[in-house]
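Asker: Residue strings, one per chain:
2 protein chains.
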Amino acid sequence: MIDFTSLFQAAKKSSRKLAFIGDEQVQKILFELADLMISQGDFLIRENKRDLERMDKANPMYDRLLLTQERIEGIAQEMRQVAKLPSPLFLPLEEKVLPNGLFLEKITVPLGVIGIIYEARPNVTFDVFSLALKSGNGLILKGGSDADFSNRAIISLIYQILQKFEIPTDAYLLLPADRTATKALLEAVDEVDVIIPRGSQGLINYVRQHAKVPVIETGAGIVHTFVDEEADLEKAKAIIHNSKTRRPSVCNSLDCLLIHEKLLPNLGELIRPLLESKVKIYADEKAFASLPKNELIQEASEEHFGTEFLSLQLAIKTVRNLDEALEHIATYSSRHSEAIVSENQENLSRFLLEVDAAAVYANSSTAFTDGAQFGLGAEIGISTQKLHARGPMALKELTSYKWVVRGNGQIRT
Amino acid sequence: MIDFTSLFQAAKKSSRKLAFIGDEQVQKILFELADLMISQGDFLIRENKRDLERMDKANPMYDRLLLTQERIEGIAQEMRQVAKLPSPLFLPLEEKVLPNGLFLEKITVPLGVIGIIYEARPNVTFDVFSLALKSGNGLILKGGSDADFSNRAIISLIYQILQKFEIPTDAYLLLPADRTATKALLEAVDEVDVIIPRGSQGLINYVRQHAKVPVIETGAGIVHTFVDEEADLEKAKAIIHNSKTRRPSVCNSLDCLLIHEKLLPNLGELIRPLLESKVKIYADEKAFASLPKNELIQEASEEHFGTEFLSLQLAIKTVRNLDEALEHIATYSSRHSEAIVSENQENLSRFLLEVDAAAVYANSSTAFTDGAQFGLGAEIGISTQKLHARGPMALKELTSYKWVVRGNGQIRT
Chain A
2 MIDFTSLFQA AKKSSRKLAF IGDEQVQKIL FELADLMISQ GDFLIRENKR
52 DLERMDKANP MYDRLLLTQE RIEGIAQEMR QVAKLPSPLF LPLEEKVLPN
102 GLFLEKITVP LGVIGIIYEA RPNVTFDVFS LALKSGNGLI LKGGSDADFS
152 NRAIISLIYQ ILQKFEIPTD AYLLLPADRT ATKALLEAVD EVDVIIPRGS
202 QGLINYVRQH AKVPVIETGA GIVHTFVDEE ADLEKAKAII HNSKTRRPSV
252 CNSLDCLLIH EKLLPNLGEL IRPLLESKVK IYADEKAFAS LPKNELIQEA
302 SEEHFGTEFL SLQLAIKTVR NLDEALEHIA TYSSRHSEAI VSENQENLSR
352 FLLEVDAAAV YANSSTAFTD GAQFGLGAEI GISTQKLHAR GPMALKELTS
402 YKWVVRGNGQ IRT
Chain B
2 MIDFTSLFQA AKKSSRKLAF IGDEQVQKIL FELADLMISQ GDFLIRENKR
52 DLERMDKANP MYDRLLLTQE RIEGIAQEMR QVAKLPSPLF LPLEEKVLPN
102 GLFLEKITVP LGVIGIIYEA RPNVTFDVFS LALKSGNGLI LKGGSDADFS
152 NRAIISLIYQ ILQKFEIPTD AYLLLPADRT ATKALLEAVD EVDVIIPRGS
202 QGLINYVRQH AKVPVIETGA GIVHTFVDEE ADLEKAKAII HNSKTRRPSV
252 CNSLDCLLIH EKLLPNLGEL IRPLLESKVK IYADEKAFAS LPKNELIQEA
302 SEEHFGTEFL SLQLAIKTVR NLDEALEHIA TYSSRHSEAI VSENQENLSR
352 FLLEVDAAAV YANSSTAFTD GAQFGLGAEI GISTQKLHAR GPMALKELTS
402 YKWVVRGNGQ IRT
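One line per chain: the protein sequences are A and B, in this order. Per the numbering used here, the first sequence starts with residue 2, numbered consecutively. Per the numbering used here, the second sequence starts with residue 2, numbered consecutively.
Calculated directly from the structure, the hints in this document are not laboratory data. One or more of the hints may lead you astray.
Sample of chain B residues facing chain A (criterion: CB under 8 Å; computed from the structure) [claimed, not checked]:
1) D233
2) L234
3) K236
4) A359
5) S366
6) A373
7) F375
8) G378
9) H389
Here are the simulated distance ranges between beta carbons [claimed, not checked]:
10) G307(A) x G23(B): 29 to 37 Å
11) F32(B) x F104(A): 33 to 41 Å
12) M62(A) x P93(B): 37 to 45 Å
13) E95(B) x F32(A): 25 to 33 Å
14) R248(A) x R321(B): 55 to 63 Å
15) P177(A) x R321(B): 38 to 46 Å
16) G307(B) x I3(A): 41 to 49 Å
17) E96(B) x K85(A): 38 to 46 Å
18) E231(B) x R47(A): 55 to 63 Å
19) G307(B) x M62(A): 55 to 63 Å
20) M62(A) x G23(B): 21 to 29 Å
Virtual Cβ for every residue (Gly too), placed ideally from N, Cα, C.
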């Protein structure tokens with residue numbers, strides 16, 4: 002029986018020193034780790050094979066689990082990029098002098114200890130380590146059992162480098178890949194400052210149900226694009242095709258096309274590229290009636306709206322005006338990414354203002370909702386809640402702040 | 002049986018319009034409400050009496066529950082001040098143009114619907130309404146049963162004004178004062194964006210245990226002040242007395258004095274004003290031995306450290322150096338407010354940097370940890386966690402943000 006509380010307390014205690022490693026040292030550590038993972042590629046690939054052998058090749062997770070020398074080099078390259086980002090620590094957010102002479106400064110500090118619960122993606126282990134080290138946070142990792150050999154190999158390389166630089170390894174834990182560890186982590190109120198689940202909706206729901214530690218929910222994207230009466234149809238055609246087919250398995254991909262009813266005569270042309278890309282269409286009654294017969298097109302039922310397909314499937318809903326589009330989005334959206342295509346400035350403005358989502362787009366593909374695309378430099382996930390961080394979360398979103406107050410004997414009357 | 006889900010859904014739906022009331026209108030509403038509460042003072046006081054009659058006058062909550070015409074005028078005055086604060090909505094936080102021409106803007110938006118769970122303090126009902134209205138948020142209030150007549154009277158005045166201005170009243174709910182309502186609120190994941198408990202540690206623990214909705218914990222303050230070897234003893238004496246005795250019942254009041262062992266000969270003089278103010282002292286072995294006999298001074302036991310007294314009691318712990326002080330604080334602090342008194346610049350810097358708390362003070366009383374004192378204009382609570390908001394929470398802390406992305410047909414390759 003592992004004494005998780007002692008492990009967590011040790012992580013918490015050691016984490017207090019991490020903000021003071023110094024950013025130059027952090028950069029060195031990450032560069033050396035990037036080199037080490039490449040030179041130890043054979044070892045990582047060998048251990049990864051032991052995981053792969055236990056998984057059915059037909060399992061969609063198989064590809065996410067797979068490590069190759071080329072992928073390792075990609076991960077190392079990303080680590081070097083994170084290393085070079087500006088440090089997010091001790092940045093002044095506000096400064097003021099009170100009438101009594103007190104000098105107040107609000108500065109960024111690490112969150113403390115971050116728990117990450119994730120599934121069979123060994124690259125996440127390297128990614129979140131580099132973000133945690135860079136932001137001065139301790140880390141408690143709970144990976145999927147499917148990737149356990151890979152994760153153990155990765156953490157052994159991380160520890161090798163940390164020991165060389167005399168950084169306490171117990172501030173970065175990899176938990177055993179079982180549910181007991183998950184439960185202990187979710188309840189570690191005094192030792193863990195935030196838990197970020199990365200993975201399926203099932204995982205996120207489990208975490209939300211059982212966590213006593215604050216959670217930032219990430220990922221789920223039920224994404225709409227509204228093609229308004231005054232849309233530029235060429236733009237609309239390209240945007241819809243791009244946001245549905247570029248990478249259907251990611252959270253910013255399109256799930257439901259909202260079409261202004263006056264554009265129904267153009268709908269066939271608008272979705273032609275989708276059909277060429279073999280996208281299965283679920284069209285509501287009006288839209289279905291307006292389209293020619295095609296084996297890829299069927300009539301939608303209620304379940305198709307508010308569904309995150311994560312595959313080449315798309316729902317289409319006909320609306321009479323902007324208000325109906327806004328209402329549909331408010332009802333079915335997961336508040337991740339939402340778009341309008343229109344040349345009507347008033348409608349664009351209303352959409353951008355009134356739609357409640359992490360990212361709202363005018364005349365653009367939703368495929369840009371991503372930390373790297375937004376110029377944040379890295380990403381630990383895309384938050385779909387409103388507290389603390391919304392949308393792509395990068396280094397800055399892994400910090401909190403504190404008020405530093407300097408006085409000269411001030412007392413309050 | 003009340004259908005809470007329907008009520009919450011209606012609140013959520015109506016809350017979508019609140020950001021667009023316009024700040025001029027918001028100001029008018031709050032000014033009229035301030036006038037109305039004064040002109041309806043008799044009504045409020047009469048209903049408040051019905052609550053007071055059910056409570057024992059010896060109950061420490063009695064005074065918090067009591068409304069008088071003077072107090073109502075004070076509440077009205079605070080409401081007018083909130084009305085005049087700058088709107089926290091639609092403020093640009095960041096702007097950038099991506100290489101592909103996309104224009105990104107990160108702007109503040111309301112959180113959505115805020116749940117407040119509080120005890121017998123009717124003024125909170127007016128206070129949080131004004132902050133919610135000003136920040137465009139819907140509100141679900143769960144007040145204490147002890148204050149139910151008062152709260153019902155207050156919400157009736159709020160509704161009277163809202164109706165006059167054609168603002169949907171269902172965006173501002175006062176729930177029945179029973180545990181069924183609390184439970185429903187804590188689980189309303191789809192309708193409520195955040196819950197802020199205001200009250201005792203027992204209430205906060207209950208909320209943390211049962212909430213599925215994100216929570217911001219507020220209030221608990223286990224506060225230390227470290228008097229370093231090189232302290233100015235006159236400053237130290239005034240600071241300790243002020244932070245302990247100004248208002249012992251508030252969260253920023255002093256709970257534990259950490260004294261450098263070289264100052265033990267001065268301890269008697271340092272705490273003389275405390276003894277004059279009848280503060281009961283629990284001194285550790287060394288400190289106890291250094292003090293003259295006094296009926297207010299007894300030897301401390303372990304339970305006195307890490308205790309929030311909220312009354313005229315104080316623990317004293319002797320430390321050999323700054324490191325021991327930092328270690329004690331890291332172990333026992335609730336990360337609310339912590340102070341050092343010293344003229345040694347290096348020790349001041351280390352303390353301010355290394356202590357992990359919402360507010361860290363050098364040579365100042367901790368009594369300043371307060372939204373109004375920090376110049377934030379108002380306060381809905383003092384967060385003791387690190388996510389979203391830390392320390393005093395005011396209007397800005399009641400907002401989230403969204404990314405507004407304007408394009409001209411951009412797709413991602």
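Asker: Hints first: check each against the structure and report whether it holds.
Answerer: Hint check results:
1. Restraint check, D233(B) versus chain A: the minimum CB separation of about 7 Å is within 8 Å; hint holds.
2. The interface hint given for L234(B) is broken, as the beta carbon of that residue sits about 11 Å from the closest beta carbon of chain A, more than 8 Å.
3. With its C-beta approaching chain A no nearer than about 4 Å, K236(B) sits inside the 8 Å limit, and its interface hint holds.
4. Here the hint on A359(B) is kept, as its CB sits about 6 Å from the closest CB of chain A, short of 8 Å.
5. The interface hint given for S366(B) holds, since its Cβ lies 4 Å from the closest Cβ of chain A, which is under the 8 Å cut-off.
6. Using the Cβ-Cβ criterion of 8 Å, the hint placing A373(B) at the interface with chain A is not satisfied: the shortest such distance is roughly 11 Å.
7. Among the interface hints, the one on F375(B) holds; its C-beta lies about 6 Å from the nearest C-beta in chain A, closer than the 8 Å criterion.
8. Interface restraint check: G378(B) against chain A, minimum CB-CB distance 12 Å, threshold 8 Å, status violated.
9. Evaluation of the H389(B) hint against chain A yields a held restraint, the C-beta minimum of about 4 Å falling below 8 Å.
10. Remark: the range hint 29 to 37 Å for G307(A) to G23(B) is upheld by a beta-carbon distance near 32 Å.
11. Separation of F32(B) from F104(A) is about 35 Å and conforms to the stated range, judged on CB atoms against 33 to 41 Å.
12. Range check, M62(A) to P93(B): Cβ separation about 41 Å, and the 37 to 45 Å hint holds.
13. Distance hint check for E95(B) and F32(A): the Cβ-Cβ separation is about 29 Å, which falls inside the suggested range of 25 to 33 Å.
14. Separation of R248(A) from R321(B) is about 59 Å and conforms to the stated range, judged on CB atoms against 55 to 63 Å.
15. Take P177(A) and R321(B): their Cβ atoms lie about 40 Å apart, and the range 38 to 46 Å holds.
16. The hinted window of 41 to 49 Å between G307(B) and I3(A) is violated, with their beta carbons roughly 27 Å apart.
17. Under the hint 38 to 46 Å, the C-beta atoms of E96(B) and K85(A), about 23 Å apart, miss the expected range.
18. A hinted range of 55 to 63 Å holds for the C-beta pair E231(B) and R47(A), which are about 59 Å apart.
19. Remark: the range hint 55 to 63 Å for G307(B) to M62(A) is contradicted by a beta-carbon distance near 46 Å.
20. For M62(A) and G23(B), the hinted distance range of 21 to 29 Å is not satisfied, since their beta carbons lie about 50 Å from each other.
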